[in-house]
Amino acid sequence: MIEKKDLKKISDYIWEIPQDCRTDSFDRIGIKMRVPGRIFANEKILEDVLKDQSLEQVINVATLPGIQKYSIAMPDIHEGYGFPVGGVAAMDTETGVISPGGIGFDINCGVRVLKSGKTYDEIRDKIPDLATAIYKEVPSGVGRGGRLNLVNKELNEVLEKGVERMVKAGYTTEEDMKNCESDGWLPEANSELVSKHAKDRGRDQLGTIGGGNHFIEIQRVDKVFAPKAAARLGLYENQICIMIHCGSRGLGHQVATDYIQIMLNVFPKYGIKLVDNQLACAPFSSPEGKDYFAAMAAAANFAWANRQMITWEVRQAWAKIFGSLTSENLKLIYDVTHNIAKIEEYNGKKVIVHRKGATRAFSNQPVLIPGSMGTASYILLGAEKSLEESFGSSCHGSGRTMSRTKAKKIVRGPKLKEELEAKGISVRTGSISGLAEEAPVAYKDVEEVVDVVHKVGIARKVVRLCPVGVIKG
Amino acid sequence: MKPFKILSHIADLRLQVFGHNYEELFQNAVFGLNSILFKDFERLKKKPPAGFEKIKVEGPDINALLVNFLNEVLTQSQINRKIYNRVKFLRLSEKSLETHIFGIPVDHFDEDVKAVTYHEVKIHPVRSRLSEPNIGAATAASGRPTSNGVKHNKRGIFEVVLVLDI
Chain W
1 MIEKKDLKKI
11 SDYIWEIPQD
21 CRTDSFDRIG
31 IKMRVPGRIF
41 ANEKILEDVL
51 KDQSLEQVIN
61 VATLPGIQKY
71 SIAMPDIHEG
81 YGFPVGGVAA
91 MDTETGVISP
101 GGIGFDINCG
111 VRVLKSGKTY
121 DEIRDKIPDL
131 ATAIYKEVPS
141 GVGRGGRLNL
151 VNKELNEVLE
161 KGVERMVKAG
171 YTTEEDMKNC
181 ESDGWLPEAN
191 SELVSKHAKD
201 RGRDQLGTIG
211 GGNHFIEIQR
221 VDKVFAPKAA
231 ARLGLYENQI
241 CIMIHCGSRG
251 LGHQVATDYI
261 QIMLNVFPKY
271 GIKLVDNQLA
281 CAPFSSPEGK
291 DYFAAMAAAA
301 NFAWANRQMI
311 TWEVRQAWAK
321 IFGSLTSENL
331 KLIYDVTHNI
341 AKIEEYNGKK
351 VIVHRKGATR
361 AFSNQPVLIP
371 GSMGTASYIL
381 LGAEKSLEES
391 FGSSCHGSGR
401 TMSRTKAKKI
411 VRGPKLKEEL
421 EAKGISVRTG
431 SISGLAEEAP
441 VAYKDVEEVV
451 DVVHKVGIAR
461 KVVRLCPVGV
471 IKG
Chain L
474 MKPFKILSHI
484 ADLRLQVFGH
494 NYEELFQNAV
504 FGLNSILFKD
514 FERLKKKPPA
524 GFEKIKVEGP
534 DINALLVNFL
544 NEVLTQSQIN
554 RKIYNRVKFL
564 RLSEKSLETH
574 IFGIPVDHFD
584 EDVKAVTYHE
594 VKIHPVRSRL
604 SEPNIGAATA
614 ASGRPTSNGV
624 KHNKRGIFEV
634 VLVLDI
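Read top to bottom, the protein sequences are chains W and L. Going by the working numbering, the letters in the first sequence line up with residues 1 to 473, in that order. Going by the working numbering, the letters in the second sequence line up with residues 474 to 639, in that order.
Treat the hints with care, as some may be off.
Pairs of lysine to aspartate or glutamate residues, derived as EDC-like cross-links and limited to a Cα-Cα distance of at most 20 Å, are as follows [what the hints assert, rightly or not]: (1) W:409 <-> L:513; (2) L:595 <-> W:56; (3) W:273 <-> L:593; (4) W:69 <-> W:48; (5) W:408 <-> L:534; (6) L:529 <-> W:200; (7) W:320 <-> W:125; (8) W:196 <-> L:513; (9) W:417 <-> L:583; (10) W:406 <-> L:583; (11) W:51 <-> L:593; (12) L:527 <-> W:200; (13) L:595 <-> L:515; (14) W:455 <-> W:125; (15) W:269 <-> L:526; (16) W:32 <-> L:567; (17) W:417 <-> W:92; (18) W:196 <-> L:531; (19) L:595 <-> L:531; (20) L:478 <-> L:515; (21) W:409 <-> L:583; (22) W:269 <-> L:515; (23) W:136 <-> L:583; (24) W:5 <-> W:56; (25) W:408 <-> L:513; (26) L:595 <-> W:276; (27) L:478 <-> L:593; (28) W:4 <-> W:47; (29) L:568 <-> L:531; (30) W:273 <-> L:534; (31) W:290 <-> W:222; (32) W:350 <-> W:92; (33) W:136 <-> L:580.
Here are some, though not all, of the chain L residues that point toward chain W, as calculated from beta-carbon distances under 7 Å [claimed, not checked]: (34) 553; (35) 569; (36) 573; (37) 578; (38) 585.
Keep in mind the hints are simulated off the structure, nothing from the lab. The structure presented is a predicted model; accordingly, all values stated were derived computationally and were not measured. All C-beta atoms in this analysis are idealised placements derived from N, C-alpha and C, irrespective of residue type, glycine included.
Generate the whole structure from the sequences, applying the supplied hints.
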């Protein structure tokens with residue numbers, strides 16, 4: 001296990017894992033760290049991080065061919081499998097690899113926030129009804145399909161065009177599309193490289209949130225940190241917003257499964273040595289690397305279309321409670337992905353940036369950080385320093401500190417629901433035990449996490465949002 | 474002690490599985506996966522299945538083969554909305570297998586298992602520290618006793634720990 005004494009303190013919020021910190025075990029299999037590790041954390045977060053295998057996983061990622069500058073850990077990092085969750089790794093597009101494990105199974109899991117024209121005081125009595133209406137309108141839970149069952153032609157269009165397909169189908173407007181990262185679709189997508197298994201697993205899941213840590217929250221703007229930036233985003237104190245957290249559902253999970261299996265078969269022929277098979281990868285320029293990237297982009301497009309369809313459903317629910325839609329109701333502020341690989345350029349060099357549980361944070365781009373259930377979430381703006389320090393990336397949430405099993409042992413779902421309701425949070429869920437798994441006690445303090453990225457200067461706080469309604473599967 | 478145990482992992486779940494031979498280990502792993510997908514799997518296990526899927530899986534070694542097999546069962550569960558309560562091995566070697574998996578339709582799942590991972594998967598022999606009749610009970614549920622020429626650990630049992638992304 002890595003200990004604090006093994007780390008080099010760069011500043012109060014930046015720690016380095018030296019490149020030579022692992023020798024024995026790696027020497028045996030003929031690999032080495034190619035770059036140092038970098039961790040963004042305060043002392044308290046670092047203590048938590050040192051309790052699990054997160055930093056060993058940061059080190060393992062540092063051994064991958066073509067990795068540039070650092071293997072990076074965000075303050076919400078926690079142990080995953082292969083790659084840590086909350087990790088960033090940028091690989092040279094010519095000499096480096098692409099690894100499906102560095103994106104994760106839920107390709108383009110992401111977050112979007114809608115702003116309303118209503119304040120909390122105006123609609124507080126209607127919030128329980130709104131939560132119920134959203135719960136009814138948006139299918140949630142595991143194994144439940146949505147209102148659409150796409151035939152191959154329709155599904156392929158979604159896979160290749162993402163939100164643009166949803167505009168053409170009449171579920172949204174170009175305004176929403178422009179407020180998504182990458183305009184809500186990646187042109188590299190190729191639906192022919194998505195397997196029949198993946199298509200069958202996802203064809204009826206558009207517009208569904210599933211289970212796990214995915215949710216919809218009704219939130220109110222609780223605090224404004226940067227009034228000018230908030231005004232530019234159309235945000236003000238006490239305003240009601242809606243946050244949607246979801247990804248590519250079974251389709252994305254299957255794309256990842258399919259291609260990790262392919263990479264596991266081919267990595268030895270490229271002379272790649274791995275410390276953990278879950279890091280299975282292939283050169284980005286190889287046929288397998290190119291195929292995965294095109295399939296991943298297709299799954300990412302499906303995820304954007306999914307969040308767009310959920311948005312349509314949320315707007316339907318809103319209209320049922322507050323009357324027919326008007327143009328000022330529920331506008332999309334922004335939509336970010338936090339499980340993705342993207343080609344970006346830094347200092348004249350093209351790299352494939354793997355973000356697994358990390359949010360792009362380009363200068364002045366909204367960075368949406370959901371907190372754990374029942375706690376605050378944040379909207380930040382990306383800052384210039386992210387380009388120097390973290391390949392244009394920031395954190396993505398609070399980060400777990402406790403297993404779901406342990407959370408369920410110490411938290412009783414019904415009691416948690418009562419406590420949340422007592423705090424004025426309307427809870428609608430199909431799984432009370434699932435509620436316990438996501439209890440705030442199982443997560444790091446989002447305030448501390450966001451404070452680190454703010455102080456390092458990779459993203460700046462704009463507003464804090466507090467939940468008044470939680471809808472989950 | 475049961476033929477499988479569900480252990481905690483900081484973000485996901487670990488599934489510890491035992492078996493006297495590869496067939497039993499693979500089958501118990503399916504049952505372990507099912508018990509995560511569907512809480513009342515013990516009840517479903519006793520029901521007569523309604524139809525089967527024939528699946529063929531390959532892998533570079535026995536460890537990857539197990540992961541690929543479980544992922545295929547998971548995929549079939551999700552696509553067909555079924556829980557597979559019986560596994561009949563037609564062929565099982567270190568790098569490939571062919572099975573019939575027998576399933577029961579369900580109207581929901583209790584957990585969204587995204588995938589079974591290759592993270593630190595290593596099937597290894599351990600000395601028996603279990604109550605053998607319980608392990609045997611899982612074997613009996615398959616309707617087929619033990620191996621047809623597959624590796625059998627006479628000194629004890631095989632163990633594997635899998636990490637599942639949920």
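These are the hints, each one checked on the structure:
1. W:409 <-> L:513: 19 Å, holds
2. L:595 <-> W:56: 19 Å, holds
3. W:273 <-> L:593: 15 Å, holds
4. W:69 <-> W:48: 25 Å, violated
5. W:408 <-> L:534: 36 Å, violated
6. L:529 <-> W:200: Status holds; Cα separation ~18 Å.
7. W:320 <-> W:125: 15 Å, holds
8. W:196 <-> L:513: 30 Å, violated
9. W:417 <-> L:583: 19 Å, holds
10. W:406 <-> L:583: Judged against 20 Å, a Cα distance of about 18 Å means the pair holds.
11. W:51 <-> L:593: 19 Å, holds
12. L:527 <-> W:200: 17 Å, holds
13. L:595 <-> L:515: This hinted pair is violated, its Cα atoms lying about 27 Å apart.
14. W:455 <-> W:125: The given pair, whose Cα atoms are some 38 Å apart, is violated under the 20 Å limit.
15. W:269 <-> L:526: 33 Å, violated
16. W:32 <-> L:567: 30 Å, violated
17. W:417 <-> W:92: 47 Å, violated
18. W:196 <-> L:531: 18 Å, holds
19. L:595 <-> L:531: Holds, because 17 Å separates the two Cα atoms, which is no more than 20 Å.
20. L:478 <-> L:515: 14 Å, holds
21. W:409 <-> L:583: 17 Å, holds
22. W:269 <-> L:515: Since the Cα atoms of residue 269 of chain W and residue 515 of chain L sit roughly 44 Å apart, the hinted pair is violated (cutoff 20 Å).
23. W:136 <-> L:583: Within the cut-off at roughly 19 Å; holds.
24. W:5 <-> W:56: OK: residue 5 of chain W and residue 56 of chain W at ~14 Å, within 20 Å.
25. W:408 <-> L:513: 18 Å, holds
26. L:595 <-> W:276: 11 Å, holds
27. L:478 <-> L:593: 17 Å, holds
28. W:4 <-> W:47: Status holds; Cα separation ~8 Å.
29. L:568 <-> L:531: 6 Å, holds
30. W:273 <-> L:534: 16 Å, holds
31. W:290 <-> W:222: Cα-Cα ~44 Å, so violated.
32. W:350 <-> W:92: 6 Å, holds
33. W:136 <-> L:580: Between residue 136 of chain W and residue 580 of chain L the Cα gap is close to 18 Å, so the pair holds against 20 Å.
34. 553: 9 Å, violated
35. 569: Result: violated, 13 Å to nearest chain W Cβ.
36. 573: Nearest chain W Cβ about 18 Å off; hint violated.
37. 578: Hint violated; residue 578 of chain L Cβ to chain W Cβ min 11 Å, cut 7 Å.
38. 585: Where the cut-off is 7 Å and the nearest Cβ of chain W is about 4 Å from residue 585 of chain L, the hint holds.
Hints 4, 5, 8, 13, 14, 15, 16, 17, 22, 31, 34, 35, 36, 37 from the earlier list are contradicted by this structure; the remaining hints agree with it.
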